[in-house]
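Visitor: Start from the sequences and build out the full structure, keeping to the hints where you can.
Listed below, chain by chain, are the residues.
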Amino acid sequence: MRPVLLQGGWVVDPASEREELADVLLREGCVAAVGRGLGTPDDALVIDCRGKVVAPGLIDLHCHLRDPGLTEKETIATGTAAAAAGGFTTVCCMPNTDPVVDSGSVVETILRTAAREGSVRVLPIGAVTKGQAGRELAELADLAAAGAVAFSDDGRPVASAALLRHALEYSQLVQRPIIDHCEEPSLTVGAVAHEGPVATCLGLRGWPAAAETIAIARDLELAALTGGRLHIAHVSTAGGVALIREAKRRGLPVTAEVTPHHLTLTDEWLLGEGLHWPALGGEPLPRRAPYDPRTKVNPPLRGREDVAALIAALADGTIDAIATDHAPHTLTDKLCEYDQAAFGISGLETALAAVLALVRSGALSLRRVIAAFTIGPRQVLGEGARAASPGRLAPGDPADVVVFDPDASWVVDPHAFRSKGQNTPLAGVRLQGRVTHTFVAGRGVYGE
Amino acid sequence: MSRTAPWSDQLLPLGGPRRHLLDLDDCSREEITQFLDTAVAMREILRRPVPKAPALTGKTVVNVFLEDSTRTRVSFEIAAKRLNADVINLSGSGSSVTKGESLINTVRTLEAVGADLIVLRHPSAGAPYLAATHLRGSVINAGDGWHAHPTQALLDLLTIRDTFGRLEGLRVTIVGDILHSRVARSNLWGLTRMGAEVTVCGPPTLLPPAWPAGLAGCLRVTFNLEEALSGADVVMALRLQRERMAAGRLPSLREYSRLYQINDARLARAAPQVLVLHPGPMNEGVEIAPTTAHGARSAIEDQVTNGVAVRMAVLYLLAGAPADTPLRPPAAEAVRP
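If you read the sequences in order, they're chains A and B.
Residue numbering for the first sequence follows this note's numbering, beginning at 1 and increasing consecutively.
Residue numbering for the second sequence follows this note's numbering, beginning at 449 and increasing consecutively.
These are computed hints drawn from the structure, not numbers from a lab.
Just so it is clear, CB atoms sit at the ideal spot from N, CA and C, and this is done for glycine as well.
Any given hint could turn out to be false.
[As the list claims (entries may be wrong)] If you want the footprint, here are the derived chain B segments under chain A, 3+ residues with CB under 8 angstroms:
1. 540-553
2. 589-599
[Claimed, not checked] Partner residues aside, some chain B positions facing chain A, computed with beta carbon under 8 angstroms:
3. S572
4. A573
5. A575
6. L578
7. P656
8. P657
9. A658
10. W659
[Stated by the list, open to error] The following residues of chain B were derived to be distant from chain A, with all beta-carbon distances above 12 angstroms:
11. T486
12. V535
13. E559
14. R687
15. Q689
16. A713
17. G728
Guide: Structure below.
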């Protein structure tokens, strides 16, 4: 492997509080040095990073690789290729596959496939309950021993408070977080859009914010009761972050993540036509018909107050990490009536650029954003972070690095995605910020 | 519109003639007036000994009704036939929809077979928009889930205008299951656009929890029927669906009827010349008393007759009008949150 010199870039490494022009030398799979005016080893590949940002490779706590069993939507090969194109060097994949990842053998299958075909590090998340059916605990110790870094029934909540209590208690045996998809199911039967004025106008069954806040409140109580490690998946409501902030203030070891789409889009996108979206750069958006199923996601896109609260919560640390909830679907599953369409957004390849829009608008600092993609996820994983990207640029650490051009302007073309999932509401939208190189253990896994 | 691009982002060319009628929320005052005036002309045709006009000769209209319907379906069929169109009727059962054929493939197939205009009733809100973005021809929304029923609203507006000579300044009260009502929604957009004041009334569990801020000046929401009926010029009763009990929203039809039935005693609080409307079909004795439904204040049968004329007008203006018919004044602002 040739050494790689990333020369002249703006290095942002929140772990070391570094934000400056510097070179980064990668040698034998590790970060060899970070500093100004590093000499060029003879056989090094020199990459001119002037005008670009050099940061630790991003870590995605939450994505759906659909492999095994749902490979028409995505495979580990295509999903990790998409991750690499998005600047991610580690992805944590959710267990709602077929079969569900509820035993060590399925974890092993995923790890073997990833070793053979994956472009980036893949850390499997195991199910909380057998078959994710919400009735019996899965073999959490078996899952952890095989390599699961956390447990989740994502796609669904753990509906029974008693079962979640036991899961939070039991998970302490293996020191892995329980990631809950917070939704009170009796309030969201048949719901497809945020309950609010937009759903009223469009005649769509609403998903009230209370369904999330009730579930978060319940989960926080159970976390306090048991001492277990709780992580709240894809928080989407102002009420939700208020509860998490208060719980953290009281010293509860809870963590939370937010998706790029919940940080940048609202339910107004369901109305279509005539959208003007300053947060994404100010250019008028491509004209859309209302009811575009690419806006359908769970939890749904919400209102402006929710978006503002989520941004503030990320800024003040209430939210620890940005996680994509990458949910690829086939065209057939998405291109149909809104009620029938599958929930989910294919987000790995637009995540960074979408959130950078908030940096440009001044809502978030670049350092906070990079931290939320790197050290934040590592802190959430805790013990499970051993196999993840280091989330920092420290000499001796594996060289998982991303280089991106924060000013490069590009139009989102889902046909050019490496993901099989072309389902993004950002199709045709001009974004600023583009990954140019991604390295895992010093080897280029994506590069222009 | 490229056939290879599955996601069609273009719904309408800007500023061009109207190709679809999907809801009233993007219709200007002028357009709504044009629909109503054209319906009046169509009514004249309906009164002739031979109630036909050749305006849609050579055009093919396909009624795709994926939800049960009597009046709307028959009304559209008669309307298209009165204008001499070739009419095909498709319902869910008996079509390949039962084999799992998608809506897009269904409507594209119909267009390939020669449909110029598709009238679509569908249980899912937004389905007509999906169809419209994948067709070269026209789509008329005959009712999509809870969302819209624009031709119903137009016939209601016509019936009201016939009685009062205007819509501006009238007080219209809609009573019933507002939450699940496409009739309520389309009437709300149409009536407020034409300057009427609207009150919606129903049990708290059947009212939408949130309304767009832009309606604050012209919409009143209440669950108190006495208040809602007070001074009303028009009272529109909506059908109550029995499924609402199963969903835990209402304890019984009896309780609903005791609190919300439109009957002559309650109408004493309304304006003296109050007009009573109902989109049909009626649950007589539940949301409306039989004597009121068939009484002097009721225009329910006129609604049905007007429905044919309105649908003739819509078909004509979308598919039969000469190319220079100014149907869409450029700056049509939608009523939005």
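Visitor: Now tell me, hint by hint, if it's right for this structure.
Guide: Hint check:
1. Given as covered by chain A, the stretch 540-553 of chain B passes the check, having 3 residues with a CB less than 8 angstroms from a CB of that chain where 3 are the minimum.
2. With 5 residues having a Cβ less than 8 angstroms from any Cβ of chain A, the stretch 589-599 of chain B passes the three-residue criterion, so the hint holds.
3. The restraint placing S572 of chain B at the interface with chain A holds, with a minimum CB-CB distance near 4 angstroms, inside the 8 angstroms limit.
4. Interface restraint check: A573 of chain B against chain A, minimum CB-CB distance 4 angstroms, threshold 8 angstroms, status holds.
5. Given hint, A575 of chain B at the interface with chain A, holds; its Cβ is 5 angstroms from that chain's nearest Cβ, closer than 8 angstroms.
6. About 6 angstroms separates the beta-carbon of L578 of chain B from the nearest beta-carbon of chain A, less than 8 angstroms, and the hint is met.
7. Nearest Cβ of chain A to the Cβ of P656 of chain B: about 4 angstroms, under the 8 angstroms cut. The hint holds.
8. Using the Cβ-Cβ criterion of 8 angstroms, the hint placing P657 of chain B at the interface with chain A is satisfied: the shortest such distance is roughly 6 angstroms.
9. Nearest Cβ of chain A to the Cβ of A658 of chain B: about 5 angstroms, under the 8 angstroms cut. The hint holds.
10. Contact between W659 of chain B and chain A, as hinted, is supported at the beta carbon level, the nearest pair being about 6 angstroms apart and thus within 8 angstroms.
11. Distance to chain A confirms T486 of chain B as a non-interface residue, since its nearest Cβ pair spans about 26 angstroms, more than 12 angstroms.
12. Against chain A, the non-interface label of V535 of chain B holds: every CB pair exceeds 12 angstroms, the least being about 25 angstroms.
13. At roughly 17 angstroms from the closest C-beta of chain A, the C-beta of E559 of chain B stays outside 12 angstroms, upholding its exclusion from the interface.
14. Distance check on R687 of chain B: its Cβ is at least 16 angstroms (rounded) from any Cβ of chain A, clearing the 12 angstroms threshold; non-interface status holds.
15. The beta carbon of Q689 of chain B sits about 15 angstroms from the closest Cβ of chain A, which is more than 12 angstroms, so the claim that it is off the interface holds.
16. At the 12 angstroms boundary, the C-beta of A713 of chain B stays outside the reach of chain A, the nearest C-beta of that chain being 32 angstroms off.
17. No Cβ of chain A approaches the Cβ of G728 of chain B within 12 angstroms, the least distance being about 20 angstroms, so the stated non-interface status holds.
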